[in-house]
Amino acid sequence: DTAVSQTPKYLVTQMGNDKSIKCEQNLGHDTMYWYKQDSKKFLKIMFSYNNKELIINETVPNRFSPKSPDKAHLNLHINSLELGDSAVYFCASSQAGTRHYEQYFGPGTRLTVT
Amino acid sequence: KNEVEQSPQNLTAQEGEFITINCSYSVGISALHWLQQHPGGGIVSLFMLSSGKKKHGRLIATINIQEKHSSLHITASHPRDSAVYICAANYGGATNKLIFGTGTLLAVQP
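Residue numbers (this note's numbering), protein chains in the order written: chain A, 1 to 114; chain L, 1 to 110.
These are computed hints drawn from the structure, not numbers from a lab.
Heads up, some of the hints might be wrong.
[What the hints assert, rightly or not] Simulated restraints, written as ranges between beta carbons of each label pair:
#1 L:Pro39 - A:Asn79: 29 to 37 Å
#2 A:Asn17 - L:Thr20: 26 to 34 Å
#3 L:Pro39 - A:Glu82: 23 to 31 Å
#4 L:Ser50 - A:Asn17: 39 to 47 Å
#5 L:Leu105 - A:Glu82: 23 to 31 Å
#6 A:Ser39 - L:Lys53: 32 to 40 Å
#7 A:Lys9 - L:Ala107: 23 to 31 Å
#8 L:Ser51 - A:Thr112: 29 to 37 Å
#9 A:Ser20 - L:Gln9: 30 to 38 Å
#10 L:Pro8 - A:Lys44: 33 to 41 Å
#11 L:Gly28 - A:Asn51: 36 to 44 Å
#12 A:Gln14 - L:His78: 37 to 45 Å
#13 A:Ser80 - L:His78: 40 to 48 Å
#14 A:Lys44 - L:His69: 21 to 29 Å
Note that the structure is predicted; figures quoted are calculated from it, not measured.
Glycine residues also receive a C-beta, built at the ideal position from the N, C-alpha and C atoms.
The following block holds chain L by itself, in its conformation from the complex:
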């Protein structure tokens, strides 16, 4: 069992829909990262958060430290949002080591 679990594994949505991807982790963490990987392969960091909520454009990330859970929301989804979304937990310490979730493959259809 992976220390960081994501759901769903696959998600198909219609353009304009509100999308939620969930991430849960097993022990306390220092920070939680959300990453985006497009079909071309490159990985981009979307958010890093250790409490509360962050917003960037149509993307919102929230984290509940007590429940060990984070969500990534996409409002007014668009086909260009189609990608793999990956959460990664940073368990702290001096190394900044990330433990990755299994990823969510999102396809937004026009």
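Next comes chain A alone, as it looks inside the complex:
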């Protein structure tokens, strides 16, 4: 029933490790996004895929690599985790096209790097 789901919900790991966060949407949307929310609750776009094609790639360290195996999934892999990567990561999806559409957000993944 869940529209946009993310796993895991919480992720605690040590510096230097590699981890992945998975996102899936069952809304039939063509576009998916990854956002980072910092400790001050400020949200910022990281990546966006439209039909498995990367369309937004903000200034993000290349330790972060998104992967979209199909248009319903957008995973985020992070290499060599650093303390500053601690944040809440949100996945979202929307329809695509020339009009503007609402974005539907996942529940978030709280990443803590120790």
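Please build the complex by placing chain L on the supplied structure of chain A, with the hints as guidance.
Okay, now just chain L, sitting in the frame of chain A:
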């Protein structure tokens, strides 16, 4: 300076009060989103508007394109309205990229 500014940053109200949260942006946009984030963390889209006014229950969102300004109003506020409210500007183009405001933390006291 953030491209999208919100005010106030923090707001405490008594139950029943009329609440206004403001959002201003620096250049022309295609659409403006209002989002709600409850203490549990989930983000819900409340409104998306590119002109005029939209209403959903006790929530009203307005936008003035010429003045580059939007407001979110909550009538007859209730403690369950306590949340962070975030506006986000969509500057158009093919990417639907959102630029977020800094959020307004609203606490409605009974």
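Here's how the hints hold up against the structure:
With their beta carbons about 32 Å apart, Pro39 (chain L) and Asn79 (chain A) fall inside the hinted range of 29 to 37 Å. Between Asn17 (chain A) and Thr20 (chain L) the Cβ separation comes to about 45 Å, which falls outside the hinted range of 26 to 34 Å. Between Pro39 (chain L) and Glu82 (chain A) the beta carbon distance is about 28 Å. The supplied range of 23 to 31 Å therefore holds. Between Ser50 (chain L) and Asn17 (chain A) the beta carbon distance is about 43 Å. The supplied range of 39 to 47 Å therefore holds.
Distance hint check: the CB atoms of Leu105 (chain L) and Glu82 (chain A) are about 28 Å apart, consistent with the given range 23 to 31 Å. Taking 32 to 40 Å as the suggested C-beta distance range, the pair Ser39 (chain A) and Lys53 (chain L) conforms, at roughly 34 Å. The hinted window of 23 to 31 Å between Lys9 (chain A) and Ala107 (chain L) holds, with their beta carbons roughly 25 Å apart. The supplied range of 29 to 37 Å is broken by Ser51 (chain L) and Thr112 (chain A), whose beta-carbon atoms lie about 42 Å from each other.
For Ser20 (chain A) paired with Gln9 (chain L), a C-beta distance near 34 Å keeps the hint of 30 to 38 Å intact. A hinted range of 33 to 41 Å for the beta carbons of Pro8 (chain L) and Lys44 (chain A) is inconsistent with their spacing of about 22 Å. At roughly 28 Å, the beta-carbon separation of Gly28 (chain L) and Asn51 (chain A) lies outside the given 36 to 44 Å, and the hint is violated. For Gln14 (chain A) and His78 (chain L), the Cβ-Cβ distance of about 43 Å falls inside the hinted range of 37 to 45 Å, so the restraint holds.
Between Ser80 (chain A) and His78 (chain L) the beta carbons are some 46 Å apart, a value that agrees with the proposed interval 40 to 48 Å. Evaluation of the 21 to 29 Å hint for Lys44 (chain A) and His69 (chain L) yields a pass: the beta carbon distance comes to about 22 Å.
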